[in-house]
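Visitor: Turn these sequences into a full structure, and let the hints steer you where they fit.
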Amino acid sequence: MKVNLPHNIKAEINNQTKDVSLSPIVVGSTTHQSFITRQLIDTASHTHKITSPVSITQFPIDLKNKLKDHYLHFDRHKMNMYELELFVKYGLEVEGEFFSPLHEALATAKVQHEKKKYQKKSAIVEDIEIMKQIALMKLHSFYSHFDISLSRTNISDTDLNRIQTKYPGIETLIEEKVKINSKNWKKMKKRYNLACIVVENMNTLEKTSKVKENNDGLTKSISETFYDIFIDKESDLHKLMEKYTQRLAFQNSSSACDLFDYYNLNNSKINKAKQMTKDMTDAEFIQKLVNSKLFEGYDDIREKINSTFFEEYHQWKKNDFPVEIRRIFPESLFIKQLECKLEKEYVEEKQRIEKNEFENICNKLECKYKNGSMRLSVLNVIESLNYFIINYEIEMAQPNQTQISIYETSLEQADIHQLQEDEHVPNLTLTSHYSGQYGTSFHLDPQVYDFR
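Heads up, the sequence shown is in full-length UniProt numbering, so the first residue is 1 and it goes up one at a time.
For the record, the hints were derived by calculation from the structure and aren't laboratory data. Any given hint could turn out to be false.
[What the hints assert, rightly or not] Dumping the calculated BS3-like pairs for lysine-lysine here, alpha-carbon to alpha-carbon at most 30 angstroms:
hint : residue 1 : residue 2
1    : 341       : 177
2    : 364       : 68
3    : 274       : 138
4    : 317       : 132
5    : 78        : 350
6    : 68        : 78
7    : 355       : 368
8    : 318       : 177
9    : 166       : 132
10   : 317       : 233
11   : 190       : 278
12   : 78        : 110
As the structure is a prediction and not an experimental result, all values here were calculated from the model.
Guide: Structural data, given as structure tokens:
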């Protein structure tokens, strides 16, 4: 029997080895034959994942067995530094020489972190003290002519410029807090301005009245009326104005027309007093209070009014002003924010160090355990109470395989006719698939199957 074989099949048949016979075999009848060839497949390898639960004492023994004919590899994406330390310490049992640079770098980073934290906290405490000095400087600038206990505060231009640059807008904020925000102060300030408006109109009325008084009597009347309005317990300004309008009308024997004019002017006076209170800063008001000429010759009344304002100012400076200043720059909050920021930076620095050292340690370990033709890759290490679970990806050698290929043969119709007449066997042709491939192939393990 003669078969026309393609060149690649002939090459396979000629590839003889000592262990396995690759001679072709023909199986079949006279008209239907199958042609079988054998081919030796070279040794290959494949990888698969395994999980090894081991005790602390078994860990190094199990690892040593797995490393036979294998080189070590670490999965950088799945492992972390802690798992690497566990693997090296309990599996390879060679911790010190590889992790010393890591521990030294982390120790240095911690020292630098503590030093930086101390310096920054000290700087914040110093800044807050300077800002308090700025607040006292503003207090002196606004109220020194009223509060003689205030002393001038000197701040170097360097410190002032540094604070202004580091904390933009801090001076404006301090000036807002230096404003006297006491409700009682605002009420007294409004009452004082209203009294000023009343006595100014009173002075005008006295001068145009038919009943003329001497200057001393007029000043005394104005001073007393001013003080009465200022200390009056009536909180409703409209009722207050009505009360003193009636008194002034009676004192001056005003006509009904004049009295009507008084009442019409009350609302405008109250509104004017409110606007004056709103527009006039506390520093301007105190200056007006100290320099007022309404009480000339009646220093006792002036002293009573000024003392009332000073007592309220002193209470504000003692109780409210420090609270307002602390709200601008609360030391505990500043330090807490600083510590959170520095802690975040420290954690990021540790992560950077560990990332770099993790790569270095893996490279050194892989260099040390590089003997072997196949790879043992450590995926991750799970620590339990008294044992470890290590997940590996291990490369395994695949044994020699024999490839069996079966080719179907066919005869043309003319060949079949000739075969029937003279039993001459013509040349056979291998049948190919529609894809152009010849035969059907499969693998056998020669250690299991002896195909002869």
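Visitor: Check each numbered hint from earlier against the structure, then list the numbers of those it violates in ascending order.
Guide: Hints that this structure does not satisfy do not exist here, as all of them hold.
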